[in-house]
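Taken in sequence, the protein lines are chains R and G. One rule links them: number in this note's numbering = place in the first sequence (from 1) + 109. One rule links them: number in this note's numbering = place in the second sequence (from 1) + 25.
No lab work stands behind these hints: they were computed from the structure. Computed from a predicted structure; not experimentally measured. It is possible that part of the hints are untrue.
[To be verified] Pairwise CB distance ranges, derived in the manner of DEER restraints:
hint	chain 1	residue 1	chain 2	residue 2	range
1	G	ALA27	R	THR189	21 to 27 Å
2	R	ASP136	G	MET52	25 to 31 Å
3	G	SER43	R	THR162	25 to 31 Å
[To be verified] Calculated Cβ distances over 10 Å to all of chain G for the following chain R residues:
hint	residue
4	GLU124
5	THR129
6	THR162
7	GLN164
8	TYR182
By construction, the Cβ of each residue, glycine as well, lies at the ideal position given by its N, Cα and C atoms.
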Amino acid sequence: GIQVEQSPPDLILQEGANSTLRCNFSDSVNNLQWFHQNPWGQLINLFYIPSGTKQNGRLSATTVATERYSLLYISSSQTTDSGVYFCAVKTGANSKLTFGKGITLSVRP
Amino acid sequence: NAGVTQTPKFQVLKTGQSMTLQCAQDMNHEYMSWYRQDPGMGLRLIHYSVGAGITDQGEVPNGYNVSRSTTEDFPLRLLSAAPSQTSVYFCASSPNSGQPQHFGDGTRLSIL
Chain R
110 GIQVEQSPPD LILQEGANST LRCNFSDSVN NLQWFHQNPW GQLINLFYIP SGTKQNGRLS
170 ATTVATERYS LLYISSSQTT DSGVYFCAVK TGANSKLTFG KGITLSVRP
Chain G
26 NAGVTQTPKF QVLKTGQSMT LQCAQDMNHE YMSWYRQDPG MGLRLIHYSV GAGITDQGEV
86 PNGYNVSRST TEDFPLRLLS AAPSQTSVYF CASSPNSGQP QHFGDGTRLS IL
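Produce the complete structure using the sequences and hints provided.
The structure is reproduced here in structure tokens:
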């Protein structure tokens with residue numbers, strides 16, 4: 110099956126800093142989502158982005174499907190951005206959403 | 026609009042007991058799925074359903090049963106709980122399998 114690798118596995122930032130989180134995948138995808146899992150365990154949809162670029166406030170994401178990667182940008186980070194960020198993909202008609210292992214982000218005040 | 030609702034939020038079981046994790050959505054979504062999340066890992070698919078009356082196995086189906094008698098509900102059953110099933114369980118739904126999924130808040134299950 111498809112492999113999803115996220116990097117870096119852990120990231121520590123000072124409040125106000127910018128960061129880039131990466132998701133590489135091993136096959137063509139027709140669905141890619143970024144999620145934020147907050148310290149309470151809730152999974153929050155950030156972006157549905159199988160290709161192209163989207164922005165939502167301080168967050169933006171770009172997926173280059175032909176090169177099989179996606180990037181999540183966080184600007185002017187805040188302590189509330191802390192948590193785990195997951196990338197998840199689907200291929201073709203497969204109904205299975207495959208998750209990466211996540212990137213743990215800690216933003217310090 | 027409640028979205029995806031999971032009950033209970035927490036549960037402790039003894040080995041060999043059975044229980045049902047409930048999942049309900051009020052968005053008329055056809056696609057529903059169950060995942061488990063273990064420490065240091067992403068979510069892994071247990072079972073999924075593309076519509077009422079249709080279910081299929083995911084990546085880690087052993088030890089779990091599901092049914093989909095209505096569009097709204099997708100319960101997950103543990104017939105004989107084992108310590109290896111200690112995990113956090115998430116239910117998700119989407120209009121169809123190609124659309125972004127929305128997750129419930131999870132059920133934290135401990136099996137002693």
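With 10 Å as the threshold, tell me whether THR162 (chain R) passes as away from chain G on beta-carbon distances.
-> Label holds. Min Cβ-Cβ 17 Å, cutoff 10 Å.
10 Å cut-off, C-beta based - THR129 (chain R) kept clear of every residue in chain G = 20 Å, holds
Compute the least Cβ-Cβ separation between TYR182 (chain R) and chain G, then decide whether it is above 10 Å.
-> Nearest chain G Cβ is 19 Å from TYR182 (chain R), so the label holds.
Distance restraint evaluation - ALA27 (chain G), THR189 (chain R), Cβ atoms, bounds 21 to 27 Å | 24 Å, holds
Take the C-beta atom of SER43 (chain G) and the C-beta atom of THR162 (chain R), compute their distance, and say whether it sits inside 25 to 31 Å.
-> With a Cβ separation near 48 Å, SER43 (chain G) and THR162 (chain R) fall outside 25 to 31 Å, so the hint is violated.
Closest CB-CB distance from GLN164 (chain R) to chain G, is it above 10 Å?
-> 17 Å, holds
Regarding the assertion that GLU124 (chain R) does not contact chain G, is the least Cβ-Cβ distance greater than 10 Å?
-> At about 26 Å from chain G, GLU124 (chain R) clears the 10 Å cut-off, so the statement holds.
Check the following: the C-beta atoms of ASP136 (chain R) and MET52 (chain G) are separated by a distance inside 25 to 31 Å.
-> Given about 30 Å between the Cβ atoms, the range holds.
Figure legend: structure checked against the earlier numbered hints; the only hint not met is number 3.
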